[in-house]
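Please model the complete structure; the sequences and the hints are all you need to start from.
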Amino acid sequence: MSQDTELTGKQEFTITAYTENQIGILNRIAIIFSRRKINIESLNTSPSEIEHIHRFNIVIHETEEVVRKLCRQIEKQIEVLKVYYNTNEDIIWQELALYKVPTDIVAERAPVERLLREYGARAVVIRKDYTVFEATGHREETDKLIEVLQPYGLIEFVRSARVAIIKDSEGFNAKLREFERKDPGHDVIENEYLDKEKNVFSM
Amino acid sequence: MDTAQEETTTLTEPKKTINVSGSVALLEGLIAEGTDTIFGYPGGAIMPIYDALYDYKDKLKHILVRHEQGGTHAGQGYARTSGKVGVVFATSGPGATNLVTGLADAQIDSTPMVCITGQVYAHLLGTDAFQETDVINITTPVTKWNYQITDATEIPSVLAKAFYIARSGRPGPVLIDITKNAQLQMFDYEGYTPCDHVRSYRPKPLIRKEYIQKAAELINSAKKPFILFGQGVSLGYAEQEFKAFVEKTGIPAAWTILGAGAIATDHPLNVGMLGMHGNYGPNVQTNACDVLIAIGMRFDDRVTGRLDKYAKQAKVIHLDIDPAEIDKNVKADVPVWGDCKETLPLLTALVEEKTHPEWLAEFRAFDKTEQEVVIQNELHPGTGELTMGEVINQLNELTKGEAVVVTDVGQHQMVTCRYAKFNHTRSNITSGGLGTMGFGLPAAIGAKFGAPDRTVVAVIGDGGFQMTLQELGTIMQSGVDVKIMILNNRFLGMVRQWQQLFHDKRYSFVDITSPDFVKLADSYYIAGRKISERDELVGALTDMLNHKGSYLLEVMVAQEHNVFPMVPQGSSVSEIRLK
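Read top to bottom, the protein sequences are chains W and F. Residue numbers are given in UniProt numbering: position 53 of the first sequence equals residue 53, and the series is strictly consecutive. Residue numbers are given in UniProt numbering: position 148 of the second sequence equals residue 148, and the series is strictly consecutive.
Some hints here could point you the wrong way.
Cut-off 30 angstroms, straight-line C-alpha distance, at most; resulting in silico cross-link-like pairs (DSS-like, lysine-lysine) [unchecked claim]:
1. Lys69/W x Lys341/F
2. Lys309/F x Lys37/W
3. Lys519/F x Lys37/W
4. Lys312/F x Lys37/W
5. Lys204/F x Lys76/W
6. Lys579/F x Lys76/W
7. Lys76/W x Lys328/F
8. Lys331/F x Lys167/W
9. Lys579/F x Lys59/F
10. Lys59/F x Lys76/W
11. Lys167/W x Lys328/F
12. Lys243/F x Lys331/F
Please keep in mind that the hints were generated in silico from the structure rather than gathered at the bench.
What follows is the structure, encoded as structure tokens:
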């Protein structure tokens with residue numbers, strides 16, 4: 001337990017939400033945090049293993065009591081199927097980072113091989129003018145590699161949101177498949193009028 | 001359903017379709033959902049729907065309001081008296097933004113509504129087109145669900161989903177935004193199928209019997225049990241189940257203002273009103289009971305006062321349909337998730353038949369004190385200016401508790417909730433959670449349409465009335481019969497009371513002047529009268545109630561009268577002040 005946790009009772013929580021893939025659900029979830037003036041530290045949303053169902057990973061710094069209330073208010077949204085919250089101890093998580101550096105400097109001055117080994121990084125692209133490294137890990141690990149690469153002329157850096165697997169989840173996959181079996185998701189109707197500049201009058 | 005079988009049926013009996021516009025499909029859907037009245041206001045982006053409505057005049061009554069906010073409050077009043085879903089139409093842009101207050105009010109007070117807004121053509125979305133506003137995002141925090149339709153084929157299924165969501169589980173407002181092209185678009189309509197489930201939505205939590213068992217054990221062992229009930233009882237149509245539970249356990253029951261009327265005012269176990277201006281006994285006894293049973297209520301801060309000194313000595317049983325309400329404000333020792341229509345009978349079956357004469361006598365003692373210190377002076381002052389309380393008391397004498405009473409927000413609201421007599425459920429229509437001044441007049445219009453056989457009396461302050469008085473035009477044109485009673489103290493009374501008590505009597509912008517309300521009513525062809533003397537009161541109220549059609553009665557009441565008892569903000573319920 002960090003010093004901060006002892007003082008305020010706040011710590012990092014990862015909220016996992018399964019939702020329908022519906023326009024506007026991101027906003028409905030986001031305003032549950034902003035309404036209480038809570039900052040979202042990290043947000044990932046992407047399709048789950050089931051078609052039409054998305055998985056959100058949201059990281060916030062709060063007390064467990066508040067997190068529990070937030071989760072109930074998220075789960076209450078019509079298009080949300082299920083919400084879990086976990087401390088960092090309960091989950092395995094990763095963030096992916098990309099580093100772009102000038103090839104000549106890295107090749108000449110930095111012991112590239114050592115860097116790659118030490119930080120578990122790999123070179124994704126090597127071109128004459130630049131090289132892109134990829135590393136995955138916790139925030140501190142990917143941060144360290146920034147420090148190391150900074151003197152070698154780091155051109156650009158980007159980090160993904162956290163993705164997390166819950167250690168003792170009892171296989172939500174099975175539950176999700178059950179949802180899908182009972183009531184398959186509807187196809188989103190594409191908006192044909194958005195592209196059509198129809199000859200219409202407007203009042 | 002077996003797919004093969006479904007295909008066979010389809011082959012032998014092809015579904016009959018007719019080619020209709022999105023607008024016609026919408027109106028057909030509304031009729032299929034049992035809608036008979038729409039409160040609305042036309043405009044550019046909703047014109048195709050209004051054009052279709054022209055041919056549906058015999059099936060759908062449209063009430064032309066004078067402002068869209070009035071439309072939403074009328075929809076709320078209609079929903080609250082009838083138990084049906086209130087339906088409101090508005091156009092895009094300003095029409096849609098004018099709905100926001102009513103939606104917020106319906107959201108916090110769990111009122112089922114479906115609002116339909118017109119929207120600009122889909123190809124114009126995001127271009128700052130004329131009267132375009134992002135109504136979906138503006139209304140997201142104040143709706144249970146909302147959805148934008150850009151293709152007519154979606155209209156039947158989305159409307160069905162909207163009605164299902166609005167009225168199931170914990171009810172709430174839903175908004176559907178329909179682009180103009182979708183209203184005009186012709187498509188093959190296959191008929192209307194009501195919605196009975198949405199896979200990601202659980203309107204009712206599964207009832208966990210072990211908690212019913214635990215709750216029953218607590219109740220059976222309690223020496224000083226106390227029931228708090230809210231609107232959940234009437235929203236769940238569980239008045240009979242609730243009465244059976246109260247009568248079998250013999251437990252005194254107190255209500256939140258939205259719960260008023262779920263059990264008759266003069267039921268021997270009804271011990272009165274909770275909260276900031278509630279009754280003495282219920283507030284003090286909250287901190288003396290040993291088991292607190294909260295039914296369909298959400299521990300609003302106006303009910304609990306200071307939370308860290310609220311019912312700390314008691315074990316709390318909380319019955320609610322909305323899991324997000326459990327532990328939100330007050331920690332429950334036994335949470336009973338579920339629809340109280342189902343959970344209450346299960347609980348009643350397990351509790352012992354009891355009476356609590358000594359415990360009830362304590363409530364009577366508190367009531368006696370309150371009668372002597374507060375109520376007697378308020379209801380029977382004898383001399384001096386008229387009080388709000390004696391007006392309401394006199395109204396009770398004449399209506400015998402049979403009327404629907406609609407209030408606005410402020411001192412008159414607290415006085416009305418405290419003293420009005422209700423024999424029936426769905427009779428106290430007030431803005432509880434949001435405290436929306438201007439709610440009263442339009443809500444009363446809707447309440448009358450929702451309960452056409454009942455007398456509807458709107459009690460409104462001189463401040464709130466001036467917020468939505470344009471709805472007198474709606475009364476004039478629709479011919480609806482609403483009795484309007486303005487309690488005029490020439491002040492924004494509740495704020496003035498706080499300024500007197502907590503801000504050294506610095507009356508900052510609370511003295512409000514009013515037009516001649518009777519003349520104003522007269523200009524709308526509504527009969528009216530103004531009184532200020534005690535000996536005129538009975539006659540004036542009788543004339544108002546006996547008048548055929550709407551009537552406005554302005555009663556001049558004491559200017560600087562305070563509502564007591566009062567739990568000052570930040571105080572514990574047991575620190576309630578009698579003066």
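Problem set entry | Ascending list of hint numbers which this structure does not respect | 3, 6, 9, 10
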